[in-house]
Amino acid sequence: DAGITQSPRYKITETGRQVTLMCHQTWSHSYMFWYRQDLGHGLRLIYYSAAADITDKGEVPDGYVVSRSKTENFPLTLESATRSQTSVYFCASRGTANTEAFFGQGTRLTVV
Amino acid sequence: ILNVEQSPQSLHVQEGDSTNFTCSFPSSNFYALHWYRWETAKSPEALFVMTLNGDEKKKGRISATLNTKEGYSYLYIKGSQPEDSATYLCAFWNYGQNFVFGPGTRLSVLP
Numbered sequence: 001d002a003g004i005t006q007s008p009r010y011k012i013t014e015t016g017r018q019v020t021l022m023c024h025q026t027w028s029h030s031y032m033f034w035y036r037q038d039l040g041h042g043l044r045l046i047y048y049s050a051a052a053d054i055t056d057k058g059e060v061p062d063g064y065v066v067s068r069s070k071t072e073n074f075p076l077t078l079e080s081a082t083r084s085q086t087s088v089y090f091c092a093s094r095g096t097a098n099t100e101a102f103f104g105q106g107t108r109l110t111v112v
Numbered sequence: 001i002l003n004v005e006q007s008p009q010s011l012h013v014q015e016g017d018s019t020n021f022t023c024s025f026p027s028s029n030f031y032a033l034h035w036y037r038w039e040t041a042k043s044p045e046a047l048f049v050m051t052l053n054g055d056e057k058k059k060g061r062i063s064a065t066l067n068t069k070e071g072y073s074y075l076y077i078k079g080s081q082p083e084d085s086a087t088y089l090c091a092f093w094n095y096g097q098n099f100v101f102g103p104g105t106r107l108s109v110l111p
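Top line first, the protein sequences correspond to chains A and B.
When you line the first sequence up against this note's numbering, it's residues 1 to 112, in that order.
When you line the second sequence up against this note's numbering, it's residues 1 to 111, in that order.
Simulated from the structure, these hints should not be mistaken for lab results.
All residues carry an ideal CB built from backbone N, CA and C; glycine is no exception.
Treat the hints with caution; some may be incorrect.
To be verified - Quick partial rundown of chain B residues pointing at chain A, CB under 10 angstroms, derived from the structure:
| # | residue |
| --- | --- |
| 1 | LEU11 |
| 2 | ALA46 |
| 3 | TYR76 |
| 4 | LEU110 |
Said to hold, decoys possible - Derived DEER-like restraints, expressed as beta-carbon distance ranges:
| # | chain 1 | residue 1 | chain 2 | residue 2 | range |
| --- | --- | --- | --- | --- | --- |
| 5 | B | ALA41 | A | THR26 | 35 to 45 angstroms |
| 6 | B | HIS12 | A | ALA52 | 37 to 47 angstroms |
| 7 | B | LYS58 | A | ASP62 | 20 to 30 angstroms |
| 8 | B | HIS12 | A | GLU14 | 32 to 42 angstroms |
| 9 | A | LYS57 | B | SER18 | 38 to 48 angstroms |
| 10 | A | GLU14 | B | SER27 | 37 to 47 angstroms |
| 11 | A | PRO61 | B | LYS42 | 40 to 50 angstroms |
| 12 | B | GLY16 | A | SER80 | 20 to 30 angstroms |
| 13 | A | ILE54 | B | ASN29 | 16 to 26 angstroms |
Claimed, not checked - Computed from the model, here is a short list of chain B residues facing chain A with C-beta under 8 angstroms:
| # | residue |
| --- | --- |
| 14 | VAL13 |
| 15 | ILE62 |
| 16 | TYR74 |
| 17 | LEU89 |
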């Protein structure tokens, strides 16, 4: 199916564990983004990527790692999960700056 | 860190009222300003992408204007309907390639 998909949709993990959230898009969009949704903050940018093998930090990158070995995939890894990383995570992709971004369905992550 | 602000934070209007809200963004290194509509338990969906100073876009009862020199954009909803209830987000894109969202305006339209 064409589009952008995130997996898993829901995840519960323990403090200190490593967890990876997956994001896959089928449009060959250059840009991909990871946001977290928190009350009172809206969507905050964690990391973004302008192309394969090019990534850069956003507003709140601490505790997260990304990679982009292929254009269509942009996984987000929490190296050692903390309770403060409990959130809903959205992945997005877009072609160029003057085209709209498309969002995945979101991943609800709970760290206990 | 880019500062993108939106006001008001939330508002309640009656069905049939017209309303508008504001997005403020840095006026330097401007590349594009996006508006998104975000319904509860769904993903944000694009309304407009605006790139030129003075741009005006319209989709049905919703329209937007852009002033890149002073760093603001307005979103207007004419004759609000209950189905317009959502959070409206603006996002700013600059030449540094940051794509940062404002905190959103939560609109509730009462029947």
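Verification of the supplied hints:
{"no.": "1", "hint": "LEU11", "result": "16 angstroms, violated"}
{"no.": "2", "hint": "ALA46", "result": "3 angstroms, holds"}
{"no.": "3", "hint": "TYR76", "result": "19 angstroms, violated"}
{"no.": "4", "hint": "LEU110", "result": "23 angstroms, violated"}
{"no.": "5", "hint": "B:ALA41 / A:THR26: 35 to 45 angstroms", "result": "24 angstroms, violated"}
{"no.": "6", "hint": "B:HIS12 / A:ALA52: 37 to 47 angstroms", "result": "46 angstroms, holds"}
{"no.": "7", "hint": "B:LYS58 / A:ASP62: 20 to 30 angstroms", "result": "41 angstroms, violated"}
{"no.": "8", "hint": "B:HIS12 / A:GLU14: 32 to 42 angstroms", "result": "41 angstroms, holds"}
{"no.": "9", "hint": "A:LYS57 / B:SER18: 38 to 48 angstroms", "result": "40 angstroms, holds"}
{"no.": "10", "hint": "A:GLU14 / B:SER27: 37 to 47 angstroms", "result": "46 angstroms, holds"}
{"no.": "11", "hint": "A:PRO61 / B:LYS42: 40 to 50 angstroms", "result": "26 angstroms, violated"}
{"no.": "12", "hint": "B:GLY16 / A:SER80: 20 to 30 angstroms", "result": "53 angstroms, violated"}
{"no.": "13", "hint": "A:ILE54 / B:ASN29: 16 to 26 angstroms", "result": "19 angstroms, holds"}
{"no.": "14", "hint": "VAL13", "result": "21 angstroms, violated"}
{"no.": "15", "hint": "ILE62", "result": "15 angstroms, violated"}
{"no.": "16", "hint": "TYR74", "result": "19 angstroms, violated"}
{"no.": "17", "hint": "LEU89", "result": "7 angstroms, holds"}
The structure is inconsistent with the numbered hints 1, 3, 4, 5, 7, 11, 12, 14, 15 and 16, although it conforms to all the rest.
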